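Colleague: Protein sequence lines correspond, in order, to chains A and B. When we follow full-length UniProt numbering, the leftmost residue of the first sequence carries the number 1, and every step to the right adds one. When we follow full-length UniProt numbering, the leftmost residue of the second sequence carries the number 1, and every step to the right adds one.
List of simulated lysine-lysine pairs, DSSO-like, C-alpha gap at most 30 angstroms: (1) K490(B) to K546(B); (2) K104(A) to K249(B); (3) K104(A) to K252(B).
Derived by calculation from the structure, the hints in this document are not laboratory data. Computed from a prediction, not measured in an experiment: that's the story for all the values here.
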Amino acid sequence: MAANAGNKIRNAKVVLLGDVGAGKSSLVLRFVKGQFVEFQESTIGAAFFSQTLAVSDETVKFEIWDTAGQERYHSLAPMYYRGAAAAIVVYDISNQASFIRAKKWVQELQAQGNPNTVVALAGNKADLLETRQVQIEEAKTYAQENGLFFMETSAKTATNVNDIFYEIAKRLLQGQPAQNPQAGMVLSQRPNERVVSSASCCS
Amino acid sequence: MDPGPNPTPDDKGLAALSLRAPAALPPDFAAVPEIEDEEEEEDDDEGYFTAASRGGSSSTAAWKEEMEGLEEEEEEEDGPPSPSSSGYAGERGSSLASSAAGGAGIEEPDHHDVDAPQPHGPGAEDWARDKKHADEDDASASWRKRKKHFFILSNSGKPIYSRYGDEHKLAGFSATLQAIVSFVENSADHIKFVRAGKHQIVFLVKGPIYLVCISCTEESYEGLRGQLELMYGQMLLILTKSVNRCFEKNPKFDMAPLLGGTDAVFLSLIRAFSWNPATFLHAYTCLPLAQATRRAASAVLQDIADSGVLFALLMCEHKVISLVGAQKATLHPDDILLLANFILSSESFRTSESFSPICLPRYNPMAFLYAYVHFFDENTYLTLLTTRPDAFYDLKDSRARIQDVLLKANVLLEVQRSLHENALRVEDVPVELSSQSTSLPAQSSQGNSQSLSSEMAIGGPAGLWHFIYKSIYLDQYVSSEFASPIRNPKQQKRLYKAYQKFYASMHDKASGPHRTQFRRDEDYVLFCWITQDFELYAAFNPLADKTQAIKICNRVCQWIRDLENEIFVYGESTLAWQYHHCWGDI
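Go ahead and model the full structure; you've got the sequences and the hints to work with.
Modeller: What follows is the structure in structure tokens.
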């Protein structure tokens, strides 16, 4: 995943949203550190991570905001999703309520987020087949109707975890025009943090 | 002035408070015999059932909506039960609380409670292990036998937090507590505490939020009340006082979901009540460091503070390495305690850099600050507090600069070394005054041979086992390591309980404050000495000679003064404290 010398590096802010216990932190820790713990503690506020991913001849440097799912932090979410290049809305396939919560996040993103934001829907804990409450078809249909891309993931088994970030990277490099870094963005006001990216395509 | 070691005032004042009818309060509460040993073990040493147990249920209206005043969905009403029986209790409690105030704090010091064999030390991973026993409720025998309960509830009787058991299942019990409070308030009075047999039920009313402690640990009313104040402060740190507005809009507002995922924070605070002297001294403690090392850390923090950070704190576990505040901003020791407790008990802060809204209740209970938290290693962490919600990247840069300086100046290495080596040991108290400013072990016991039996030789001179010294101007304290006779955590916890009682009796508003107190019981000789500048609490072997003990206390004070540049933080902000030393009550 290391960037090669000649690569263009594109920074991309990604935010994870979703209900308490859906597995946002677990997904991030799996992706960033390759780790998984069975009893992940609640996130406080928001945790910041970064990780780079090479896609063809380009490198995407993800700046990942893992937000807390707790209700009291809900009001902070716009600070993180505004100006995000991508959002991953996470639910737990064994918890119907978390899917309902995920839909609310999607609505909020559609209403208040940046229309250019790539939104991914992640049905996490895909290893918990026996206690599944959210059918894959249901989620797929919902994702199609709302223009999201969808994957079932498992932070525990690492299934689709890198893939979902890879897919985001690809989409960012493909279709998305350069983000307007100042559009309603609160957290990235540091000018030098934003590398102006070329809109060139890959693969 | 000696408020006296005799146990009688307690009987006079408090006996009348006893509720003879067990039905008068939570049914059977007083009638249940205590589980002795294992119970107290559980008191502090339990498995993890922490965040997850309260996390899942929060699909109600969002915090934001609450704060912005959207309609809250209608809640089922919890009808308060008939206050007939509990009202009786409340009335008695309130009418007698004031007369008992003089007696509280000098309760007789018998210890049949057995303490936990859990190491108290700041091993953060242990704290989160307290079990909540979410399967219990007030009908469970095990729940009723627990030695110390803490409850937070709303003034409509809705449970917000319970140390043990599932809050949802405790709705009836919470309603009972609420009824007690409101019964007394209906007669234009305020309930302070109720005594029911061995149990003491302490109430603290904070606007729409009630905090209750039910305990049979024989701690003083003042001590328990202080603990409730800290519980409230911890809650404010997470939510701010503006949560009150939710109750103005909807008296039946269900606040419990807003505290989702914070069980570990409260449990670790409750544990701190039995090992961390900061919880009753209202002072913080520093990591001993060479002056130059601390200066290097302070200088770089000061630079950062000058560039728009409100407070910058570098801490190692619960000990302050350095702290600075922006101009005129001062940090209260209780806020330091609550902030450190919050950070250390939330595993999430250790996994990456975090940015989280927190409130410092003594600084401004109404407003959130934003905390950038970063752990440099297992136990050393930097907290930068700002009022700017968009400051993350700036603070991240600041952290990098601070980290550079700390590495270059070897501060982080020195911190690790100090953590293991620089503790104050009672064995090192200089016996000869001529040996001032050295910290060599005091092997010269011959000097005091008349008071040093072979047993006395264990520990420091004259049988000194432990001491705590609090500098009043600095709001800082230092405490020694525990000497071998109190090496085990059970004994340490017991000593802290004795100190807490001692503290309460020294600061008793009715009969005090007092200057000195000397008390001997079967466990120790305790000596306390309060002057304008400091408070000293010392524990000696129970056979220690009084004159010798007092002499040694003088030497301890001299020794502390000799070491003060290494064991206390002197900064610009601490200077500000000296001149604006005017902390009010909460």
